[in-house]
Amino acid sequence: MRITGLKIKRISSPKNKLCALVDVIFDEVLLVKNFTLFDKGTQYQGYGRFSVGMPSKLLPDGTWEEIIAPLNASLETAIKNEIISAYQDEEAHDKFTT
Numbered sequence: 000m001r002i003t004g005l006k007i008k009r010i011s012s013p014k015n016k017l018c019a020l021v022d023v024i025f026d027e028v029l030l031v032k033n034f035t036l037f038d039k040g041t042q043y044q045g046y047g048r049f050s051v052g053m054p055s056k057l058l059p060d061g062t063w064e065e066i067i068a069p070l071n072a073s074l075e076t077a078i079k080n081e082i083i084s085a086y087q088d089e090e091a092h093d094k095f096t097t
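Take the sequence shown: its position 38, counting from 1, is numbered 37 in numbering that gives the first Met the number 0, and each next residue is one higher.
Think of the hints as simulated: they come from the structure by calculation, not from any bench. Any given hint could be a false lead.
As the list claims (entries may be wrong) - Below, a list of computed lysine-lysine pairs in the DSS-like style, where the Cα atoms sit at most 30 Å apart:
(1) 32 - 14
(2) 14 - 79
(3) 14 - 56
(4) 79 - 8
(5) 6 - 56
(6) 56 - 8
(7) 32 - 56
(8) 32 - 6
(9) 39 - 6
(10) 8 - 32
(11) 56 - 79
(12) 8 - 39
(13) 16 - 6
(14) 16 - 32
(15) 39 - 79
(16) 39 - 14
(17) 79 - 32
(18) 56 - 16
(19) 6 - 79
(20) 16 - 79
(21) 16 - 39
(22) 39 - 56
Stated by the list, open to error - Here are the in silico distance ranges between beta carbons for each label pair:
(23) 64 - 25: 15 to 25 Å
(24) 76 - 22: 11 to 21 Å
(25) 29 - 76: 16 to 26 Å
(26) 27 - 80: 29 to 39 Å
(27) 67 - 17: 33 to 43 Å
(28) 11 - 73: 30 to 40 Å
(29) 87 - 12: 27 to 37 Å
(30) 60 - 27: 31 to 41 Å
(31) 4 - 76: 10 to 20 Å
(32) 80 - 10: 14 to 24 Å
(33) 12 - 71: 27 to 37 Å
(34) 31 - 10: 13 to 23 Å
(35) 58 - 88: 12 to 22 Å
(36) 24 - 55: 11 to 21 Å
Since the model is a prediction, treat every value here as computed from it, not as a measurement. Backbone N, C-alpha and C define an ideal beta-carbon position, used for all residues, glycine too.
Let the sequences and hints guide you as you build the complete structure.
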């Protein structure tokens, strides 16, 4: 399975560490919406300052549950790295065009 498209929706809120919602297209046939990208501000579990969350839903008891889950670590790592890289590339592009 390969990533063939990303749509990044930036979120600007000084009180919130959520910096983007990301929709990912796989193999040009499957759209998975609402990956979350958080800015931790410092190194976080070896991923740099960013953390990617899988799409999830709020349960009646107030906890969150992932609604998709990669079945192997390499796919999860590839998804997270692609999202972070695309966000950083877009962020760098914005700095040079403003």
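Evaluated hints:
1. 32 - 14: holds (24 Å)
2. 14 - 79: holds (24 Å)
3. 14 - 56: The hint holds at about 22 Å.
4. 79 - 8: The given pair, whose Cα atoms are some 16 Å apart, holds under the 30 Å limit.
5. 6 - 56: holds (20 Å)
6. 56 - 8: It holds: about 19 Å lies between the C-alpha atoms, which stays within 30 Å.
7. 32 - 56: holds (12 Å)
8. 32 - 6: holds (9 Å)
9. 39 - 6: holds (21 Å)
10. 8 - 32: Holds - the C-alpha atoms of residue 32 and residue 8 are around 11 Å apart, at most 30 Å.
11. 56 - 79: holds (19 Å)
12. 8 - 39: holds (18 Å)
13. 16 - 6: holds (19 Å)
14. 16 - 32: holds (19 Å)
15. 39 - 79: holds (15 Å)
16. 39 - 14: holds (12 Å)
17. 79 - 32: holds (14 Å)
18. 56 - 16: holds (18 Å)
19. 6 - 79: Cα-Cα ~14 Å, so holds.
20. 16 - 79: Given that 30 Å is the threshold and the Cα spacing comes to 17 Å, the pair holds.
21. 16 - 39: holds (7 Å)
22. 39 - 56: This hinted pair holds, its Cα atoms lying about 21 Å apart.
23. 64 - 25: 15 to 25 Å: At 21 Å between Cβs, range holds.
24. 76 - 22: 11 to 21 Å: Holds: the Cβ-Cβ distance is about 19 Å, inside 11 to 21 Å.
25. 29 - 76: 16 to 26 Å: holds (19 Å)
26. 27 - 80: 29 to 39 Å: Violated, since residue 27 and residue 80 (Cβ atoms, about 20 Å apart) do not stay within the stated range.
27. 67 - 17: 33 to 43 Å: Given about 18 Å between the Cβ atoms, the range is violated.
28. 11 - 73: 30 to 40 Å: holds (33 Å)
29. 87 - 12: 27 to 37 Å: About 19 Å separates the Cβ atoms of residue 87 and residue 12, which means 27 to 37 Å is violated.
30. 60 - 27: 31 to 41 Å: Since residue 60 and residue 27 have Cβ atoms about 38 Å apart, the given range 31 to 41 Å holds.
31. 4 - 76: 10 to 20 Å: Given range 10 to 20 Å: holds, Cβ gap about 19 Å.
32. 80 - 10: 14 to 24 Å: holds (21 Å)
33. 12 - 71: 27 to 37 Å: Holds: the Cβ-Cβ distance is about 34 Å, inside 27 to 37 Å.
34. 31 - 10: 13 to 23 Å: With a Cβ separation near 18 Å, residue 31 and residue 10 satisfy 13 to 23 Å, so the hint holds.
35. 58 - 88: 12 to 22 Å: The hinted range 12 to 22 Å is violated for residue 58 and residue 88, with Cβ atoms some 35 Å apart.
36. 24 - 55: 11 to 21 Å: holds (19 Å)
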